[in-house]
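Enquirer: Here is how the chains run, residue by residue.
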Amino acid sequence: MNFELSDEQRMLQDTLRRMLDDSGDSAWSQLAEQGIFAALFSEDNGGLGGSGFDLSIVFEELGRAGTTDPIIESVLVCGRLIASLAADSHSELLGRIVAGDVQLAFAHSETTSRYELNRVETHADHHCLNGVKSVVVNANAAHLFLVSARIAGDVADSSGIALYLVPVNTPGITVVNYELTGGGQAADITFDNVQLTQNDCLSTDALIAIDSATAAAIVALCAQTLGAMETTVSMTCEYMRTRQQFGRPLATFQALAHRLADMLIEVEQARSAVILAAGHLDADAHSRDLHASAAKNLLGRIGKLIAEESIQMHGGIGMTDEYRLGHFAKRIIMADHRYGDVDFHLERFIALSKT
Amino acid sequence: MNFELSDEQRMLQDTLRRMLDDSGDSAWSQLAEQGIFAALFSEDNGGLGGSGFDLSIVFEELGRAGTTDPIIESVLVCGRLIASLAADSHSELLGRIVAGDVQLAFAHSETTSRYELNRVETHADHHCLNGVKSVVVNANAAHLFLVSARIAGDVADSSGIALYLVPVNTPGITVVNYELTGGGQAADITFDNVQLTQNDCLSTDALIAIDSATAAAIVALCAQTLGAMETTVSMTCEYMRTRQQFGRPLATFQALAHRLADMLIEVEQARSAVILAAGHLDADAHSRDLHASAAKNLLGRIGKLIAEESIQMHGGIGMTDEYRLGHFAKRIIMADHRYGDVDFHLERFIALSKT
Amino acid sequence: MELNYSAEDIEFRDEVRAFLAESLQSSLADKVALGLSLSKTEYEDWHARLQARGWLAPNWPKQFGGGEWEAVKRHIFDEECALANAPRIVPFGLAMLGPVLHKFGSTAQQNYWLPRILNGDDWWCQGYSEPGAGSDLVALNTKAVRDADHYIVNGQKTWTTLGQHANMIFCLVRTDSEAKAQEGISFLLIDMNTPGVEVRPIVLIDGSVEVNEIWFSDVRVPIENLVGEENKGWTYAKYLLTHERTNIAGVGFARAGLAAVKRFASKEYSGGKPLIENPLFAARLAEIEIDLMAMATTNLRILSNASGTQAPSVESSMLKVKGTIIRQAINDLMRRAAGPNAVPFASEELEHSQLQVGPIRAGRVSMQYFNNRKLSIYGGSNEIQRQIIAKDALGGGR
Amino acid sequence: MELNYSAEDIEFRDEVRAFLAESLQSSLADKVALGLSLSKTEYEDWHARLQARGWLAPNWPKQFGGGEWEAVKRHIFDEECALANAPRIVPFGLAMLGPVLHKFGSTAQQNYWLPRILNGDDWWCQGYSEPGAGSDLVALNTKAVRDADHYIVNGQKTWTTLGQHANMIFCLVRTDSEAKAQEGISFLLIDMNTPGVEVRPIVLIDGSVEVNEIWFSDVRVPIENLVGEENKGWTYAKYLLTHERTNIAGVGFARAGLAAVKRFASKEYSGGKPLIENPLFAARLAEIEIDLMAMATTNLRILSNASGTQAPSVESSMLKVKGTIIRQAINDLMRRAAGPNAVPFASEELEHSQLQVGPIRAGRVSMQYFNNRKLSIYGGSNEIQRQIIAKDALGGGR
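Chains as they are written, first to last, in my numbering: chain V, 1 to 355; chain B, 1 to 355; chain R, 1 to 398; chain E, 1 to 398.
FYI, nobody ran anything at the bench for these hints, they're computed from the structure.
Predicted, not measured: the structure shown is a model, and the values here were computed from it.
A hint or two may mislead.
If you want the footprint, here are the derived chain E segments under chain V, 3+ residues with CB under 8 Å [claimed, not checked]:
hint	segment
1	5-15
2	132-138
3	317-324
4	387-395
Beta carbons are placed, not taken as given, at the ideal position from N, Cα and C, and that holds for glycine.
Same shape as in the complex, but just chain V (with noise of 0.2 Å):
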């Protein structure tokens, strides 16, 4: 047993708070060139890394350094979606991804598939594809949006799922872009007759892969939450230190303080939590999910403490939208609705916990 981070782990973790101590709300170019996508990759698919306690190291500075750019859905995601789909013939696909010059959307969800991934109702008939996807994030930045639709069985099956690679400006889409809370954009897309061909078939079935890339995403989403929330909590211990209100500064009222200690023993147990559905990201799918859903229900539930208690702690001034605060809370909260919230993954625990 061991909780050491290896030197390659450390240097990259260095590497990232350096770099991001100075950029802004995007890293995305500085982050590209400095090929850290490649920490996201396995050496098979072209990149340096891959585990998940690689991505928990990027995701957790990004999250601490308040990075909105959609690296988890479009890099991480669809990236790995790619290598575990297509055929070698996508490997120079990959190899963009990595290296940050092309960018994808993932065009999965829908106004009514909450957070189920199983639920597609957008088909694809002989490669002709009719629907509506919600939410998808970085559809504003995109080339090329990757698209599941559904090619046999019912609303909710499991299989029948197909995936498909579509130019964004192919004829019959039209995109909604606005605005996400916390950060980034999203946009809803309908697909209105969109004519594809078998070639743009990466799968006939890809639930499989949908949910291993997903796991990777709560993996990452969970790092980065839990560096927001760090940021947050260091911010309101420094706040608490200089802050005076009757005279004497807000560290000094014991009610705070001790609603403070409660909060970073949270933290700690959020950093184990992430520990742990990092270590059990390449584990079998059933460790791997049970894990995953853990650190999500717990990042889910700590992170509404921290992200109430901060602007709480805070009074006015973390409410405003010039002060640093309020946007890491709204990321921390935010968190929770992405990949399924802290119900959906208790539900899933409880259900992974039987078998």
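Mind docking chains B, R and E on chain V? Use the hints.
Expert: Frame of chain V; chains B, R and E shown alone:
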């Protein structure tokens, strides 16, 4: 709208508070002598009150004083069952119950029935009783058992539950007595071919009456728990004012003071829930049960907070048998295990909210 | 005890309902329900409708054009308005300054300012908080120095709600810097069109602009705009703070919010079933509903015991804490209910557009969640309220 | 990073399991699982078995007959013992006094007392707390006055766990009343058979007798029983308190408790289905399980970073708070699981009887729930721990 007690009710409250001030754990004989039990029954049934508020006044005072007499089980529940089920022939018995001259025990729950009133395995064939009843409160002091037995239907059917009135020394009855946590006694009772007659049978379909008597028991138990919480919180305030730690009173430690504030807020919430349940005791069954479940759920949640926080603020002394606080804490927690706990009543509230 | 409304109460409630059905446009109610910002005109128009019905100033004494309603009647009115998603009555003139002028204003001030409030001639805002003061309201640095028949005001106020619409502000200013913290404060009425007054909006994390900073640079205020005595302003301020808390529990808002959650969760599906049937969601909802039932009764108990309009301090502190906890829990439940559709930033532009996209389905639930974090901060933070409650129970303890 | 045990660790774990399977009587394990009191003999016998295997003093230096185990090995041992429901190792001699004597004892003291601890010749108890002191350990009034080659001790100690079995007590006593609170304290070893020592049991609300009051009236203690220097006792006491916290997270106890809840809730029926399938119950259980998974990892992270046996203060404070919250939540869940069968007072007599009644089914779940309220009170209350954590993060703040 009016939250004032009537003059009679205020007098009842004052009388009880004075009477119980120097009674020990048991006040049965005093209560009987002073005719207090009459407040639990309507004039039709030989009483002088019987409204939900009459009940809540009496049991709040009993709870404040820490009385452990099984008045809910012996007098209130059994008395109400007899009042609602028995023919005129039993009005003399009811009179003796109200006068405190005879004691009963309601032998209804079984080891596997949990909180479900309809789950009865004990059965009576041709008035011959077989089965085991569990945690029958006041069996040790009772002259008569009021026994539920299935005469038709499956184990969890609503209909087919009969009620028998059985002298405790009837052949075939074995009683194993034990103490209850928080005070009082109960027993497991085995009925082995206990032969009864048609005369002993109060009802052949008693569940509606049992539901109704249980609603009254819930109002009473919630009020009693409210009273116990009042005592607990006021002991905690007093302790915080006087107990010195690190050279100053506990009251000056802000972290504790704020937690006390939350306790005080919740006791007011509990009081409101008791008022609502008491005020709807004579409403239609749906409204009665909705408010009873709301109160029982809320009192269970608040009781846990009050019991645990009071002990914590007292420290070690709060855990000693010699000091009164722990006994109140036990009664508050144990109330959650009677007539349905927090989860049982939350589920019932949800079910009732749908209709 | 009698938990039900009297026949008279029910008659009044029906009157209010009838009035709302007739006078409240459904498009306006929809905006309120979605948590969209209302325009100045929309507020003013709603005030005018209430004034025409004689219901704009229920708490004011009759001599000043008010209704002198008892607490339960006021509660019925507030609750019905909230359930119907009526715009809130902007409180600064009606609920805050009004009572101060009734009690401490000169006859001239009463005769001039009070009718203007009822007629909507002035939009008032509140100049209490200052940067750096936070919960410690007494720590104020805005100075007013006497210069013949004027005060010269310099300083800065903040968190001034809807200050962007206001033409008048009532301010706490320091008129004696030598005096102890609570002394040396005066209560001034300042015309915001005076040279030297500058309003700067504060954008909140939900994107809303409802609070402002207000800067005063050598602003000349005529001495007849001093309310009561110089250096006695803290007395008037405390009186006002008590009045600010009359509808502090927010029962009506909570009920309206819970009803919205139920409607939404009946239509939203999770795992092929309505979300409202999901056991974990149903349990969260039921717990809050049970809390709210009790809190509404606590509120009525306290209101029916309170004499007149002044709410007792400890009880209103309890209502403030529990009321905000419940309302924030409802906002939290609503954002959960919306699931992934809570993430899009539902800008007002997007709301007003006719696009049928994710954000429209979920509405502004995340915005409302973040915006209502303010409930436990402003109007005396929940920590301040806990302090008041504990002190009452423990005596002199801090 | 490597989350799994090494091959060596697993081999050791299997050794421990084999030992427990062979040496731990199932009747004894059942008593531990039910939370019944063990007799003095049962503890002594278990100690002897461990000593025979060389596992009684894993943390002690080898020179004194210990194992000098690294933290992870110790954790494996503790966890396996807990999961098997082995009796706990009575800590007073082994985990508390031992380390103090190793570091501060004279050679004579080490040679005499340490082997007696390992051999079970003495049963030690701890004389720290005094009535009125509570969390403020320094506030102690027991006095020791030098009289030639003895100290004369007068005063009272309380909360002395298992003091009824002890023949020796290590005590903090005040040897200089003029000095500041933390100075003037000495660390004395007292033979409880000395005239003037009186032990009075304290009955707790669960009916258990595990703590005691100890009274000293003119008790004569030879000066060779002073550990270290006179008036330096607080230094040794603090050192001891750190060691008291090595297994502070109680992961093994929590895992054993959770397993018991699962077993029970699989057999208990609610509404015709196993309780464990009830969505609300399952949700409560799963949340605690997730908390525990994380806490166990936090524990291992901290242990594997800690050098040697000394736990770092802030981290162990975090483990204390979270560990007790989780264990108390498990006790709470267990009492809920038992439903109405949790109400009977399961006296030890009833447990030992063969009666198949309600109480036997549920065991002593309520007793354990109430008894374990102590977890957040003793060994430095959770409030004291929060103070330590906050101070570390905030600097000088109170």
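Enquirer: Between the segment 317-324 of chain E and chain V, see if three or more residues pass the 8 Å beta-carbon test, and mark the coverage as holds or violated.
Expert: holds (count 3)
Enquirer: Are 3 or more residues of the segment 5-15 of chain E near chain V, judged by a Cβ distance of less than 8 Å?
Expert: Three-residue rule met by the segment 5-15 of chain E, so holds; n is 3.
Enquirer: Check whether three or more residues of the segment 132-138 of chain E sit with their beta carbon closer than 8 Å to a beta carbon of chain V.
Expert: Violated, because only 0 residues of the segment 132-138 of chain E bring their Cβ atoms closer than 8 Å to Cβ atoms of chain V.
Enquirer: So is the segment 387-395 of chain E in contact with chain V by the C-beta rule, three or more residues under 8 Å, or is the coverage claim wrong?
Expert: Check passed, 7 qualifying residues.
Hint 2 alone, counting from the list given before, is not met by this structure.
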